[in-house]
Every structure is written in structure tokens, then in C-alpha cells.
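Using the sequences and the hints, build the whole thing.
Spelled out from the first residue to the last, the chains are:
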Amino acid sequence: MSKIYFLPSHEYARIDEQNPDIAYVGITPYAASQLGNVVYVDMPEADDDVVAGEEFGAIESVKAASDLFSPVSGAVIEINEHLLDNPRLINQDPIENWIIKVQMSDSSELEKLLDAEAYDALCKSEKH
Amino acid sequence: MNTQLYDKLIFELSRPGCRGYALPDENRADEGLGDIKTLPEQLLRESEPELPRVDEPTLVRHYTNSSTNNFGVDTGFYPLGSCTMKYNPKINEELAAGFASELHPLQPADTVQGALEVYWRLQKALSTIGGMAEFTLNPHAGAQGELTGLMVIKSYHNSREDYGRTRILVPDSAHGTNPASAACAGYEVVEVHSMPDGTVDVEDLKSKLDSSVAALMMTNPNTVGMFERNIPVIAEAVHAVGALLYYDGANLNPLLGVARPGDMGFDVMHINLHKTFATPHGGGGPGAGPVGVRAGLEQFLPNPRVLQAPDGTLYVNEQDSACGRVSAWLGNYTVFVKALAYIYTLGACGLRYVGPLATLNANYIMHSLCDLYELPIPGPCKHEFVFDGLKDKSTGVTTLNIAKALLDCGFHAPTIYFPLLFHESLMIEPTETESRRTLDDFISAMRDIAGRAASEPDSVRTEPHHTPVRHPDDTEAALHPRLTWSDLKC
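Chains A and B supply the protein sequences, listed in that same order. If you number the first sequence the way this note's numbering does, the last residue is 1000 and the count never jumps. If you number the second sequence the way this note's numbering does, the last residue is 536 and the count never jumps.
In short, the hints are calculated from the structure, not lab data. Check each hint, because a few of them may be wrong.
To be verified - Calculated pairs, SDA-like style, for lysine to any residue (alpha carbon to alpha carbon, straight line, at most 20 Å): (1) Lys996(A) with Pro242(B); (2) Lys54(B) with Leu529(B); (3) Lys996(A) with Leu467(B); (4) Lys996(A) with Glu420(B); (5) Lys439(B) with Tyr902(A); (6) Lys996(A) with Thr441(B).
If you're wondering where the values come from, they're calculated on a predicted model, not measured in any experiment.
As C-alpha cells, this is what we get:
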């Protein structure tokens, strides 16, 4: 199974199984369930740069609009165009339906992110 | 026909050949249109416009039946958090309807001294209530007031040739209009975090304050209904870096006649007359968002302004130092008549009861429901408070379900999913104008819904059963909005 890392703001970086310098970035199942049905995803364009911890887009649901923060730095090599027509794919499977694919410029940044266990604990503490 | 469930569009009633008018002479109808036949070919329609064709009684019944589907403070309790849906006294409507419609905005000032006096007196009354030096009444709504206030702030910094202030700080509990207004005014928005009790995190604020900050926008009491106790410290820190402090007046109601934003150190503020001063709200408006400033900022208020000459006559003035113009004329005049009538009816003594009574009503509901609903920030609150859904999360009944179920009980839903600090926000503001009996009816409806959420959750989730529209597909509506009859026909 591919490695996955998390930001406390509920974005993940899932590492490509073939290429350890490529990460798929999206929002976590917990974030998707809290947002409710997603109606719009504002994404960067391919070749844009993203910076770890900084905003790269926004996601809008029937309940709220939230900024998206990138867990990693690098260049966007692909955006998930399926989300343009059908943003609800995120509610069906947010891990499978990543938002951007990033060529990481510094994979040591991953060490600063949460692992699955730490992220799980964070979600539990948010649930009261 | 069950008029309670009336849900037709005028287009659905249209029948070919029907009409509700008769022209005097069909054959001469074109004459009145002048040179229409000389219009260029490409500007002429090729087909008939698709207008609804109905007879006059059908037309009148359609609009009359549609109007009965309206819900307002005149039909029922409307506890919409952060909106101050208080009762709008009918005497104020009578007064506003009296003479304002006879006036023209271009009339010479000496022919409208009485009308200008209403304007001038309201400016003065609001200045006294807000603790400000001067007010403009020109902005047409709260959000436009925010934008105007930020334009004043920008003009102030520019007048000092202080051009490096590009950022506006906004707490994460703020109304969505704050960051939107700041962005409209050309500023970068920076979020300030809240403490667990919902008030501004002063340390986080201080870490973000520097000479690039133009202003901090605050709502006090804030959107979770808590008074910002650290306001003197906050005001001092903001002023220490040369920035200004902006007061969002959406929550002025609990402070009315008790405390003044000017005394707390705020430099610029707006007031929603359609909230705090009992003029009609929403579709019943129009609104008005007067903006007040402390001494030293008056010259930046937008044009035109109503001023008093030394001999006591009132005149309309324009000046170059103004931040610009935000309205064609002097704002929504009839709203000012209603607001001034409200202030004079209550008087200084009466106004002092508004805030405490609004606060008492909110705390009464909060205490009567906090055993069944999750209260993330323990009270006492000010004029409103926020529940984070039901206490018992195992039922699967959400805040949306509760809000929908309330509609069947004859109540307007509270504000839901705002503020964003909690996942299941349910924000309740009863205002001071509701009686104990109304509050008790609401409390018992809320307790009943909580009880049924535990015993029959599926039933609660399918409510409401008695409204014309029950469960619109809000995802589909956001994704593919059908806004016109042509969209709907497809």
C-alpha cells in the first residue's frame, strides 16, 4: 500500500507507488464527511507551483467554502479534471479522487506531516 | 386549492390566447411605438417574446397565493442568529409612507429642510449611540457599510501617505461579509484565530500586527454571542502599529444604550438599521448601513453629506477629501424615518432595555435547551448563542434536520452551519421583542424534536411535511442552477 501523510487542516499527500517523488494531494474522508456534498473545486493549473503549508485552491460544499493547503512543495503535473464536471466524486472516495498530482521538490518535507495514526488521533479529538 | 401548498410559477399558468389587457385600437397599436419600423433589421425579434399569458383574475390570484407563502416576523418567530429579526412597529411604516414619496432627491435644500432634519437628527442619534463623532447614512446595506468603512480607512492611510498598509485582519469567527468587503476594497485578508471560548486570540493577533496592517475588523459581541472582554488590549495593540479598529455593527443590539463601540476604542463602525433599529429586513427592506467615524476621520466620509450651517440651516455638501461616493443620493430615506421613529418612541430610557432584554431572552432559551443540545461555549451569552447540534450524536439527526423539522412547527429555522467554528452550528437569536410565551413554544418544539430524534430519527429526517417545498436537492441546485423559465423547460 502506498504511503500517505496528512496536514492538520485535513489534506493528504499520497505517495505514488512507482515514483517516490510524486504525490497525489486531496482532502481526507473525515474532511469530506464534514463538508458534506462538494459542489465546486477551485484548482491550480498544470505547471503551477505549490508550496508546503500554503493555499493551492479552494473547495466549496453545500455547507461551506474552505481553502485547500498543500502538504508538499513542487510543481503540479496534473489536475484531476474529472472533478470539474463531477465534484461529488470527492464524497464517493476522496482518497481515490485526488485533486492535484505534484512532482515534489523536497520529499524530506514529508517528515513534518502527520502519519495515519497521528491524524486519526487528531480527528478523534475534533469529534468531541 | 390548498393555498398553503401553492407552488406554481406564473409561466405554468400561461395559456395560449389568454391575456389580461385590452389595447384601445388593435390596428393602431404600433403607432405609439414611434419609429420602431425604422430600427435596423438585426435589432428586431424574429419570434414573439415568451411572456406569460394569463387573465387578470388568474394573475392576481397567483401573486396573492404566492404572497401567503412568505414567512416573516409578522407571521411567526424568526430566531435567525446574527440577523436580529426583531418586530418592525407598524407606526413607523405609517410615518415613512407619509411624505417621503413626495420628495425628489434633486430638490433645493431650502425646500426640504424638514426631510434633511430627519437625516441630520438620525446622524446625531447614531453618533451618540455609537460613541462616534459623525455618521453618514448613505450606504444601502450592512455589507455596503463595511465597504464604505474600509474606503474611509484607506483614505485615512493614503492622506498620511502611508501606502504600505495592504492587509486587513479578520477573526475566524467573523461574518463572511468582512473578508469579502476587505477583498472588494483591494486588501489582502489575514485570519486571526479564536480561543476555545470563541473570543479573539490576542497573542495570535499581536503576532500578525505590523505596519502592513490597515485595520482589524471585529464584531462585538462576536458571532458566538460572546463579549470580547479583551477589547481594550486589542484596541491598544491595533493602534500601536498605526492600524485602525473597525466595528461590524451586526451585533450591536445587546449593547444598545449599555456600551458604545467608540468608548471601546473603535475608529470606524457600521450599523444595520434593519437589525438594531427595527426597520424591515431582507425582502421586506430595503436596508441601510450607516457608517460612523471617530473625530479626525469625518472628512473621509463619502459624498454627499448633510451638514448644518452656523445659522442652523441644513445643506448637502460634497468635498474632495471624501473616500468617494457609494450611493446615487442620500441613501434609503424611508428607512431613516422608520429608524428615527423607533429611537424617539423608545427614548434614551427605553433603548437601555433593548440589550438586556435581548440578552435575557437568549439566555433563557439557552438554559432551557442545553441539556439536550450541545453547548460548545458555556454561557452566559449575549443576544445569541450557538449549539453544536444535538448532544446525543448517535441519532444521526443533523442540524439541517432540526432546522427543517422546525418549519413544520411554524418557526423559521435558526442560522445553521455558521459560524464555521463548529461542525453542526445552530445559531439562535430571539431578540427582545418576543414574549415569554413565544419563547416557551419554541423551547418545547426544540425539546420535542430532540426527543423524537432519539425515538424516531427517520421521521425527523424526512421533515418538513407541510411546506410547499420540502427537500430541494441543494447539491444539484449549486451544481446546475436553473434560474430561468427557459432553463426549467429544458
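Determine which of the earlier numbered hints do not hold for this structure and return their numbers in increasing order. The structure conflicts with no hint, since it agrees with every one listed earlier.
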